[in-house]
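Top to bottom, those sequences are chains A, B and C.
When you line the first sequence up against numbering that gives the first Met the number 0, it's residues 0 to 207, in that order.
When you line the second sequence up against numbering that gives the first Met the number 0, it's residues 0 to 212, in that order.
When you line the third sequence up against numbering that gives the first Met the number 0, it's residues 0 to 284, in that order.
Hints may be right or wrong, so weigh each one.
[To be verified] Just the calculated beta-carbon pair ranges, DEER-fashion: (1) C:190 x B:202: 44 to 52 angstroms; (2) B:37 x C:190: 36 to 44 angstroms; (3) B:35 x A:201: 53 to 61 angstroms; (4) B:33 x C:217: 17 to 25 angstroms.
[As the list claims (entries may be wrong)] Calculated from the model, a selection of chain C residues having no Cβ within reach of chain B, i.e. all distances over 10 angstroms: (5) 16; (6) 30; (7) 75; (8) 186; (9) 189; (10) 208; (11) 210; (12) 263; (13) 283.
By construction, these hints were calculated from the structure, which means they are not laboratory data.
Virtual Cβ for every residue (Gly too), placed ideally from N, Cα, C.
Each chain, letter by letter, is given below.
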Amino acid sequence: MEAPPVTTMPVSGGTINMMEYLLQGSILDQGLESLLHRLRGLCDNMEPETFADHESVYLLKGQQASPFVLRARRPLDRPGAPWHLRYLGQPEAGDRSRHTLVRNCVDIATSEVLPEFLQEMGFRMDHEFVAKGHLFRKGAMKVAVYKVFRVLVAGTADGAEPLSLSYLVELSVVAPAGQDSVADEVRSFAEQLRPLVQLEKIDPKRLM
Amino acid sequence: MGVTCVTQVPLAEGKSVQQTVEILTRKLEQLGAEKQGTFYVDCETYHTAGTNVGTTAQSGKLLYIMHCSEHPLSTFALFENGPCLVADQNLDVLMIKLKGFFQNAKANKMETRGTRYQFCDFLIKIGTVTMGQSGRGISVEVDYCPCAVPGDCWNLMVEFMQSFMGNHAPTVPPVFNSKHDALYSPADTMMQYMELLNKIRKHQQGTVTGMRL
Amino acid sequence: MADPLNVGVNLEAFSQAIHSIQALRSSVTRVFDCLKDGMKNKESQEARERSFISDFQDNLHCVNRDLNELERLSNLVGKPSENHPLHNSGLLSLDPVHDKTPLYSQLLQAYKWSNKLQYHAGLASGLLNQQSLKRSANQMGVSAKRRPKAQPTTLVLPPQYIDDVITRIDRMFPEMTIHLSRPNGTSAMLLVCMAFLITPTLDIWSKSNYQVFQKVTDHATTALLHYQLPQMPDVVVRSFMTWLRSYIKLFQAPCQRCGKFLQDGLPPTWRDFRTLEAFHDTCRQ
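Let the hints inform the model, and build the full structure from the sequences given.
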């Protein structure tokens, strides 16, 4: 899931106001093969890519009511690759006319001192998990099919055990704010995956 | 990039910043160094905003965000004695998001700009340090490119620096001691610049009067 | 016999045809002689006429016979051959549009040039052989043909032996790691790494970006020529590695002559072959 974002616009001082257009769903382990088969046909002609990431979620508590959340991802299968630090804003589900969940996002590639650095900034680790799965692309769209593993020994990915008997499916595009046509693209792609997997706007706030 | 030493050169007696830079560059050119464009290093200071509940240890600590022309697509974030994070430029965007927690002390923004010289395997950068609008001092950076172990080439670098800085050649930077046999990295250079700029700023804030540029 | 391929060279038929032409001519001459002489003097007019007609008839028969013979032979001789002594290029000279295709004259000129070149090259090689550049004295008088063949045979060593020597040397120098590989066939390549070396992307074919390493490469090439002992190749490799190891202090050792680290921006890049002491390139004499 956390390969470097497909859409990056090198603007001096970073790319401001990037939005992630997101649809989520899940599929049982039994359905995985047929979903992968269909994705291979639908997506860009590239070598099927697998990934295994260890994600730690950090919180910074201040005077404000809600803490500041940052996600730090480290690839387990590519030693030496940079860490991925991610900020995600509040998700907006919008009304029925909007086809995807939209949230502000900042993707940063960093060196491996990231955990110590976040600690130094005052962040505290809240929870962690391991995500292993497959990654596909279609144009700017990223399709991640992965299983979430529970971390048993804090800080290490060894011996992590699967959380469920299903895979999470995520369709996402990162684009500058205001490009709502992107949402339509994501929706129409999701239609092609029915009835294997039902992709929807899932607002995490409602699940809490 | 190899091993780098960053130091400050005091003003020559009765000379301005500009004149002292000219004296230095003339010496370099006499050695045979060739001009190779310009360079910059900038440094912004961030304060922790207000008092953080439960993180009292962090309060009062300063966070520095730096950029440099040698690594134009990177942003460096560092604490005074803590780790240095090397990231891409989206870190600057994150700092905007974090403004409720870390506040940019805009008045404290410092930078050094100047000319880049090459002599054999050495890169030399002589810059004018500015804070606000006025010149505050002179920075000299010497990079010995072929070597990556600071302890190995320090004597050689001192000899080179003496050849154009005379007795203003520096003593061993603290970064060198902490990683005597380890490999040198660009973050170590940023650390040295941060310390140098801090020193100049503190000195400035002590003496109220500015210098002539 | 009438082989069409052999027609061009059927000289037998040619000479026979020439003979038959001669025969035809003489028989035709006899016909006209007979006509010119007229009737011979015989007793009766009748007898005269009869003998003349029979003579004339005989002569015409001869002509007819010789003509048939010539026709037969001319079939055997066939058409004139298309094989010219200059082969196909000879046909070029027959080209009616000679002015538009100067190929033939150019060909002739090229031929002359190549002849001339061969001649001059021969002269030059003779001159050069008289004053050839010899690397060392003991090769004087050895003919150019024999020289290159004798050497390589002693340098071809079994790969197993080379592996052994290299692993032993690798163990001798803990500061260096030696990596042996055979990228293309049997020739072994050694990758020697020293602690101070920065190797972001190692490209063995292109020059280093740094002047100091360019210098070291030059000196190492010199050293490879210096350490020569055909009978004991392992000793050669070991002495070379010992010499190379002295570069571990490339940036730390001041020059043994001038006592300085830098000269023209470079550290002492030369290492003495015997003492392994560090010198600047210009300080070593």
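Results of checking the hints against the structure:
Checked against the hint of 44 to 52 angstroms, the C-beta distance between residue 190 (chain C) and residue 202 (chain B) comes to roughly 50 angstroms, which is consistent with it. Between residue 37 (chain B) and residue 190 (chain C) the beta carbons are some 39 angstroms apart, a value that agrees with the proposed interval 36 to 44 angstroms. Look at residue 35 (chain B) against residue 201 (chain A): about 54 angstroms separates their beta carbons, and that is inside 53 to 61 angstroms. A beta carbon spacing of about 23 angstroms between residue 33 (chain B) and residue 217 (chain C) agrees with the range 17 to 25 angstroms that was offered as a hint.
Annotated as non-interface, residue 16 (chain C) keeps its C-beta farther than 10 angstroms from every C-beta of chain B; the closest such distance is 93 angstroms. Every CB of chain B lies more than 10 angstroms from the CB of residue 30 (chain C), the least distance being 110 angstroms, so the non-interface label holds. With a cut of 10 angstroms on Cβ distances, residue 75 (chain C) stays outside the contact zone with chain B, its closest approach being about 90 angstroms. Listed as a non-interface residue, residue 186 (chain C) keeps its Cβ farther than 10 angstroms from every Cβ of chain B; the least gap is roughly 29 angstroms.
Under the 10 angstroms C-beta cut-off, the non-interface status given to residue 189 (chain C) relative to chain B holds; the minimum distance is some 21 angstroms. Distance check for residue 208 (chain C) against chain B: the nearest CB is about 8 angstroms away, which does not clear 10 angstroms, and the non-interface claim fails. At roughly 5 angstroms, the least C-beta separation between residue 210 (chain C) and chain B is not larger than 10 angstroms, which violates its mark as non-interface. Distance check on residue 263 (chain C): its Cβ comes as close as 7 angstroms (rounded) to a Cβ of chain B, failing to clear the 10 angstroms threshold; non-interface status is violated.
In this structure residue 283 (chain C) is separated from chain B by more than 10 angstroms, as the shortest Cβ-Cβ distance comes to about 18 angstroms.
Hint violations for this structure: numbers 10, 11 and 12, all remaining hints satisfied.
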